[in-house]
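Engineer: Listed below are the residues making up each chain.
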Amino acid sequence: MIPAPAFLSNPERFMAFSRWAAPMFGLIAAILGLAGLYLGFSAPDDYQQGATVRIMFIHVPAAWLSMFVYGCLAVASLLSLIFRHALADAAAQAAAPLGAGFTFLALVTGSLWGRPMWGTWWVWDARLTSVLVLFLFYLAYIALRAALDDEAKAARACAILALVGAVNLPVVHYSVVWWNSLHQGASVFRADGPAMPPVFLIPLLLMSLAYMAAFGALWLVSIRGEVWRRRAEAAALRAARS
Amino acid sequence: MLKLRPGRWAGVITALQLRGVAVSRGGRRLFSGLDLDLAPGEVCALTGANGAGKTSLLRTIAGLSAPDMGDIGFGGADPGDARQGGLHLLGHLDGLKAARTTREELTFWSRWGGAASDGADQAVTALALGGLLDLEVRRLSAGQRRRLALARLLAAPRPLWLLDEPLSPLDAAWRARFGAVMQAHLAGGGMILAAVHDPLPIPARSLALEAAA
Amino acid sequence: MSRISALLARETALAWGRGGGPLVSVGFYAGVATLLPLAIGPEAQRLAAIAPGAAWVALALASLLSLDRLFERDFEDGALDLLTLSSTPLELTCAIKCLSQWLATGAPLALAAPIAAIGLGAPPALAPLIFACALVGGLAFAFTGGIGAALSLGARRGGLLTAVIVLPLFVPPVIFGGGALDAFASGLGWTAGFALLCAYAAAAVALGPLAMAAACRNALA
Amino acid sequence: MTHLDILHVGKYATFIGAAYGISVMVFAGMVWTTLAKARRWRKRAQALDAALTGR
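Residue numbers (our numbering), protein chains in the order written: chain A, 130 to 371; chain B, 34 to 246; chain C, -7 to 213; chain D, 2 to 56.
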């Protein structure tokens, strides 16, 4: 058997680790966020988009996080399937609502960013549409988790769904890009790498790291909450029996 | 009397050995440290209060769920093969579809069990299902429906029978008659583990399941 | 081999349900195709623009209907236990279940699709392509839908849950099929979309049963 | 600064404000619910453990 990563099999060690790691990530997130915002707002307006480019600093990190969190969800689900550790399942269960939150943020800020230029609240842009479908995947995961009462079965069913989703997401993204090329070529967002002047790139990078650190902190605290919940239920069970 | 072909399945399962088996359901431990040895020709009655885990134990032996601890041996046979062709599981729910006829269900389940061509006919004679073949399952009485479920055991002979309260819907006459069928199965080298509330029609040692301490 | 053909015959008969199965799906499909013009207005020009796409989406929704009977009935009446305890691998059993679902309800829907599309104003020349897309797409919907049906075993309101799980998975086939139909209607190359639809269906047929079998074992444990 | 520019900037200000405002609210919501959940269950678990060991 492949030896499970140490902190996975031992909740005690995870609780000790997360006790100091969560606040640390929170602090990092705050520092990077403030720095990113300061640099972002002191940069000149974009010659084309004008001031709305500022929205990019919170849209792109959110969109990136929505995919990053699904990656974490898929990895946690894979570990939960292979090693059957409750901690891996707790991590997956804790990641889903956060992922949905970041995806919602990406959609709202994306719509607000596209609105001044395109005059409509929703733009069927390839990236935005992919994020919308990703949001549906998160809802499906959370719905399945809510509908199954038996913890052990819910863990495996949700893990299978997360992996089916992970396999399907690249196909979904490709099909949306293909669909986009079929109907209208234009894309709202040019914020992809080198084409962007460095004065925007640095704040964007800082904000992305800040968002990831924030997710790290939230995830660890949420997993701690999960561990406490399962301990409380186990204790309630023991109390009921004795 | 039904003549079973003894020893035809000798290679599949030659014994059932439980060592320190612990089973839990829905996160609750039902029992632990269970040992059992069943040799060909032996029958064991599994007793215990409702919820003690009789059904869960049978499903665990059948491989539908995994035990918490301990191991389940089939006399050297590979557990995977043993569970795919060496045992019959008869649960409370018989998996019969109300709208299909007795004949359709019997032919499908005997073919699914890998029965020889005359396997189904043998079962029909042994359990007197001849008159019911063209009736839809929903028209059968509880006793007749249970006999149809029991017919599956005979149509595709397999060494190990895991029965979950097999005789409860049957009347006294049919209990005795099925007792004879069980005797024939044992005489042919078969093994039976039956979860029961009232005693089996044939002499059998019993194993009681107590709730975990 | 006889065991697999016996299972296929049984599953198809159950899904066919003396005509009930396809009747429900085609009935739902006709209902949606009827409501559309009532909502959008009968103007031929406006309807014709959305006819192929609308017929295609309605087909995807109609194939959702009979999914919850795919595993739920056998799971609840104990048949799934016996189907699992067999030398036929559970993956193959799940594949055969989805195949018979496709035969009993997918194929009739594929016959209804061209009628609905033309009724909504699509050019009659589109009929063969819609039929082909509906057949291949139906296969993709059946095998992808089977994953949702297996995952929601043992859940409250399984049917609705299956739809929520499965609709995001329907995005690629809906896009590819819709794209092929749209391309054909506007005289462009439709083969790319159709080829992608076939590719997705093949992947669903190959990989779907793996997820279904794992989900069934989990539900039975 | 022509009339349009003011509007231009002004109009953008509402979008930027809205985007940042919603982001802050959603973040605050996530932080608060996560912390509240963790604290609630820790208290429950510790209370139940105390009750069990105390008995």
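Just so you know, the hints here were simulated from the structure itself, not pulled from any lab data. Treat the hints with care, since some could be wrong.
Listed next, the in silico SDA-like pairs over lysine to any residue satisfying Cα-Cα at most 25 Å (straight line) [unchecked claim]:
| # | chain 1 | residue 1 | chain 2 | residue 2 |
| --- | --- | --- | --- | --- |
| 1 | D | K38 | A | N139 |
| 2 | D | K44 | A | P226 |
| 3 | A | K282 | A | W193 |
Just so it is clear, the structure is predicted and the values come from calculations on it, not from any experiment.
Engineer: Please work out if K38(D) and N139(A) have their alpha carbons no farther apart than 25 Å.
Structural biologist: At roughly 22 Å apart (the allowed maximum being 25 Å), N139(A) and K38(D) satisfy the hint.
Engineer: Would you check the hint for K44(D) and P226(A), treating anything up to 25 Å between C-alpha atoms as holding?
Structural biologist: holds (22 Å)
Engineer: Is the straight-line distance between the alpha-carbon of K282(A) and that of W193(A) 25 Å or less?
Structural biologist: violated (31 Å)
When each numbered hint is compared with the structure, a violation occurs for hint 3 only.
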